[in-house]
Amino acid sequence: MSFITVNNLWKEYGDQVVLENLNLSVKQGEFCTLVGASGCGKSTFLKMLLGQETQTRGELLLDGAAFPAEPDRNRGIVFQRYSVFPHLTVRQNVLMGLELEQKPLLGRLFGSARKEALARVDAMLESVGLSPSANKWPHELSGGMQQRLAIAQSLIMRPRVLLLDEPFGALDPGIRSDMHNLLLKLWQETGTTIFMVTHDLKEGFYLGTRLLVFDKTRHDPHSPSAYGATITYDLPIGKTDRAVLEDIDHSVARTARYQAA
Amino acid sequence: MRLINRHPGRFSAILLGLLPFLLIMLIYSLASQQRLADNPNDKLLPGLEQMTAAVDRMAFQEDRRSGNYLMWEDTAASLKRLGMGVGIAASLALVVGLLNGILPLVRANFAPLVSALSMVPPLAILPILFIVFGLGELSKVMLIVIGTAPVMMRDVAQRVRELPGEQLIKIQTLGANSWQVITRMALPQTLPRLIDSVRLSLGPAWLFLIAAEAIASTEGLGYRIFLVRRYLAMDVILPYVIWITILAIVIDQLLRLANRKLFPWYNAGGH
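Respectively, the protein sequence lines represent chains A and B. Under our numbering, the first residue of the first sequence is numbered 1, with each subsequent residue one higher. Under our numbering, the first residue of the second sequence is numbered 262, with each subsequent residue one higher.
Any given hint could turn out to be false.
Pair ranges (Cβ atoms, derived) [what the hints assert, rightly or not]:
1) D457/B to P68/A: 29 to 39 Å
2) R517/B to I237/A: 48 to 58 Å
3) R517/B to G129/A: 36 to 46 Å
4) V356/B to T54/A: 31 to 41 Å
5) K185/A to D457/B: 41 to 51 Å
6) N74/A to V356/B: 26 to 36 Å
7) R158/A to R460/B: 37 to 47 Å
8) G348/B to F110/A: 23 to 33 Å
9) R158/A to I389/B: 51 to 61 Å
10) D457/B to Q16/A: 32 to 42 Å
11) E59/A to I386/B: 50 to 60 Å
12) H180/A to I507/B: 57 to 67 Å
13) S439/B to G58/A: 27 to 37 Å
With a cut-off of at most 30 Å between alpha-carbon atoms, the simulated DSS-like pairs for lysine-lysine come out as follows [stated by the list, open to error]:
14) K103/A to K115/A
15) K522/B to K341/B
16) K103/A to K522/B
17) K136/A to K522/B
18) K115/A to K185/A
19) K202/A to K47/A
20) K522/B to K115/A
21) K47/A to K103/A
22) K136/A to K115/A
Simulated from the structure, these hints should not be mistaken for lab results. Nothing here was measured: the structure is a model prediction, and the numbers come from that model. Backbone N, C-alpha and C fix where the C-beta goes; we use that ideal spot for every residue, glycine too.
Please put together the full structure from these sequences, using the hints given.
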């Protein structure tokens, strides 16, 4: 049985169809990148996986059971910005999840339990390369370091699914490729299932194991929101030839123009 | 160069800032001298000499009737009322504002009431307060509370709602329950904003304090000003007004410093 199953999934806001007839089956440990033009429902799909949105029709199953309707500790998230808590230092940010889990009332750990947790925190900071900044405030970090922190904060909970919503969209290109390497390393170490939304087609073309292209197959020039997007390409990464990628590039660009018109 | 692009240097900025104060003092002393030259017993524009004598009498000599130093007694009474009123109002604002800001069910239930209450002119219900709570301390403190709390509640709720939605989702993915979302995410980030809110509320708080003291009191800065008004004692009123202004500035700056020291992340642009 597959880990995540999507059957005939539709998402509509009133007259506006965002996603139509989505079908997908994902195994545990896969790393899926979601690409497509803006407004093609990538982020909406991610929000459904997160529990922030629910589908209008169809099924969305995790291990055969319906997805919980609110965010929980099994599904980590990293947004483009604002994922870390400005009032906590780097170390406290990563410690937060462990404290919340073990102390429902106080939300804080003391004594040996805290020491144990901090050892785990420091190991996590080490693996994302933030050890030298452990006692800094988030505003003292660069954009790339803040995203590392957000990833560390999520991964320490060992979530079953890690969701990334354009996590590197605001970073400089050089930093971005460092972040790709870090992400691949962490994915191999933890074996968690990853869904990453990206604007950058090239990023999607080589990062991860599976490329999902969200695109519209039908366009109504008089009413851009009449038809929703669906998954038009579902390809294994690394085994795809250039011509297909150019095809995708072309099709996504055309949809983007329709959306803008 | 355009006017909007011309900036004063450090020294000239200080000078420009001082200029209006010096100008007001100059105009006042000229007018005062003029009137005193015409009539040495003039009470409307007392000179520095009369005011110093009045401060000396009020602050550094025992009152002949009560044996107290009146200005200090007045200051202590007023600050106590102000502190209690603003303290209670800020505590209420924190609790109600936090819950209104973070729990949609509470917001649906209470936000309209808070909005309506904040529109009631507090001085219009001062008579009700005197009737209900009597003429003692309680009614004066209550006026400050009623006058400042609803606005602060709305402000705090608004600040809570301005926290990025991403943070709210993030803490849920770290397993937080509603109580933990409030205590570990919303509350710590609301405290510095509450202090800002209190600073803004201090102006109205002084207004309500002096209004209440003017009407029914036996000591206090506002009481004294309105008492000596009967004798046209501008030599007491003016120093009292200056003293109240100094107190207000000092309190405001102390709160600003406390905010900086207590919440280093907040003032360094970490929000």
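Verification of the hints:
Checked against the hint of 29 to 39 Å, the C-beta distance between D457/B and P68/A comes to roughly 37 Å, which is consistent with it. Taking the beta carbon of each, R517/B and I237/A are about 54 Å apart, inside 48 to 58 Å as hinted. Restraint check, R517/B to G129/A: a C-beta distance of roughly 37 Å satisfies the suggested window 36 to 46 Å. A hinted range of 31 to 41 Å for the beta carbons of V356/B and T54/A is consistent with their spacing of about 32 Å.
Look at K185/A against D457/B: about 43 Å separates their beta carbons, and that is inside 41 to 51 Å. Remark: the range hint 26 to 36 Å for N74/A to V356/B is upheld by a beta-carbon distance near 33 Å. A C-beta distance of roughly 44 Å is found between R158/A and R460/B, which places it inside the suggested range of 37 to 47 Å. About 30 Å separates the C-beta atoms of G348/B and F110/A, a value consistent with the hinted range of 23 to 33 Å.
Remark: the range hint 51 to 61 Å for R158/A to I389/B is upheld by a beta-carbon distance near 59 Å. At roughly 40 Å, the beta carbons of D457/B and Q16/A sit within the given window of 32 to 42 Å. Between E59/A and I386/B the beta carbons are some 58 Å apart, a value that agrees with the proposed interval 50 to 60 Å. At about 60 Å, the beta-carbon gap between H180/A and I507/B stays in the expected band of 57 to 67 Å.
The hinted window of 27 to 37 Å between S439/B and G58/A holds, with their beta carbons roughly 30 Å apart. Under the criterion of a C-alpha separation no larger than 30 Å, the hint pairing K103/A with K115/A is consistent with the structure, at around 15 Å. Restraint check: the Cα-Cα separation between K522/B and K341/B comes to about 25 Å, which is no more than 30 Å; the hinted pair holds. Distance check on the hinted pair: K103/A and K522/B sit about 29 Å apart at the alpha-carbon level, within 30 Å; holds.
A hinted pair counts as satisfied when its Cα atoms are at most 30 Å apart, and K136/A with K522/B qualifies at roughly 16 Å. Under the criterion of a C-alpha separation no larger than 30 Å, the hint pairing K115/A with K185/A is consistent with the structure, at around 27 Å. Between K202/A and K47/A the alpha-carbon distance is near 23 Å, which keeps this suggested pair within the 30 Å criterion. Of the supplied pair hints, the one linking K522/B and K115/A holds, its CA atoms being roughly 27 Å apart against a limit of 30 Å.
This hinted pair checks out: K47/A and K103/A have alpha carbons roughly 28 Å apart, not beyond 30 Å. In summary, the hint linking K136/A to K115/A is supported, as the alpha carbons are separated by about 19 Å, within the 30 Å threshold.
Checked against the numbered hints above, the structure breaks none of them.
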